[in-house]
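S.K.: With the hints as a guide, dock the two chains, each given alone in a separate frame, to form the complex.
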Amino acid sequence: ELKVEQNPLFLSMQEGKNYTIYCNYSTTSDRLYWYRQDPGKSLESLFVLLSNGAVKQEGRLMASLDTKARLSTLHITAAVHDLSATYFCAVDRGGSNYKLTFGKGTLLTVNP
Amino acid sequence: NAGVTQTPKFQVLKTGQSMTLQCAQDMNHEYMSWYRQDPGMGLRLIHYSVGAGITDQGEVPNGYNVSRSTTEDFPLRLLSAAPSQTSVYFCASSYSTGVSYEQYFGPGTRLTVT
Numbered sequence: 055e056l057k058v059e060q061n062p063l064f065l066s067m068q069e070g071k072n073y074t075i076y077c078n079y080s081t082t083s084d085r086l087y088w089y090r091q092d093p094g095k096s097l098e099s100l101f102v103l104l105s106n107g108a109v110k111q112e113g114r115l116m117a118s119l120d121t122k123a124r125l126s127t128l129h130i131t132a133a134v135h136d137l138s139a140t141y142f143c144a145v146d147r148g149g150s151n152y153k154l155t156f157g158k159g160t161l162l163t164v165n166p
Numbered sequence: 098n099a100g101v102t103q104t105p106k107f108q109v110l111k112t113g114q115s116m117t118l119q120c121a122q123d124m125n126h127e128y129m130s131w132y133r134q135d136p137g138m139g140l141r142l143i144h145y146s147v148g149a150g151i152t153d154q155g156e157v158p159n160g161y162n163v164s165r166s167t168t169e170d171f172p173l174r175l176l177s178a179a180p181s182q183t184s185v186y187f188c189a190s191s192y193s194t195g196v197s198y199e200q201y202f203g204p205g206t207r208l209t210v211t
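Protein chains in written order, with the working numbering: chain R, 55 to 166; chain D, 98 to 211.
If the Cβ cut is set under 8 Å, some of the chain R residues that face chain D in the computed set are:
1) Arg85
2) Ser96
3) Leu97
4) Val102
5) Leu104
6) Tyr152
7) Lys153
8) Phe156
9) Gly157
10) Lys158
11) Gly159
Here are some, though not all, of the chain R residues that point toward chain D, as calculated from beta-carbon distances under 8 Å:
12) Ser99
13) Phe142
14) Asn151
15) Leu154
These are calculated hints, taken from the structure and not from any lab test. Cβ atoms here follow ideal geometry from the backbone N, Cα and C, with glycine treated the same way.
Pulled out of the complex, with its shape left as it was, chain D reads as follows (with noise of 0.2 Å):
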């Protein structure tokens, strides 16, 4: 198993630009989760999925779309890039409490926004 795979590792975007985050995972999790890190913020949560063709919104969603498809896939995207989104993103998947509650946590994309 792979687990939780993102893409790209690093970008760097100018102000305005759009792209899309990728994340996919092989362990058949039904919950999905994409989080920000800043300097001294923790993580935050932007949007989550508890199933394919389910979404809502998290602490910080504005400026971000989900969309899922697939059990697999949960791509994260940024509509008009701000610098306000550099940070560092992680996606997380996670199988129905009470059966693990341990969340799986991918390598995370480093975004930086000039």
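One chain only, chain R, in its complex shape (with noise of 0.2 Å):
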């Protein structure tokens, strides 16, 4: 059974530090899938990994892929306010996009 296992789910942050959430999983899978949920919103696509050793960047986010240790990263630099939100990571089962297992998600909450 593909289990996903984030952590920290509680995340304070003031603005302006760095942090990284950390994404594990108990199967061999090539791909990825970060995303953003605000209060009561559906989910919004961050980055999907597709392969080891892969990273990606957008903004104050990176979010990086290595399948040997079945560990990926979401890195925060600089945090400001806006990112406050859920983020939630997801694995392929069998390959397939359609059928993803995912973690039960960290609440990011920064602070001025």
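M.R.: Written out as structure tokens, the structure reads:
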């Protein structure tokens, strides 16, 4: 059974600080997805990491994938209040992008 | 393009009632999926479809039926609603892998079963 674990589940940061969210998964998978969800809203795709060593950056967010360690990280640089949201990682099941297994999510709060 | 649309946005049912959650996409995506989101649980896959006429079970299929008669529509039916089915339901669609790996999520349906 594929398991996806995120940590921390809750993260309170000050503006301007850096932090990393970790996503571990239990079985072999080459694709890792990061989503953002604002309260009461749907999921917004942030990154799709397709292979070992993949790194993608958008603004203050950078995601990386190490398939050998079964680990992805989402690094936040110089956090701003607008980044406050819940962040989910998800992994393909059986190499199929229509069967994702999600982590429980990380609730990020960025304080002024 | 409207993307992925879901109706209704909110619904309250009584235990034992049945209903259908609607999902439609106008992107000609082959793949469609239904997930439920419960507090502290992330999203869990209910059913999915790889094309018209083809569906299969996900992680938590009990109490739900699906069918896919057209590429555009993928309704989710609750046969006899139970309080445990109180949740937010998201429909998603995607291209076949190798074209694009991104899943597009609908706005969600918030269901309460009393």
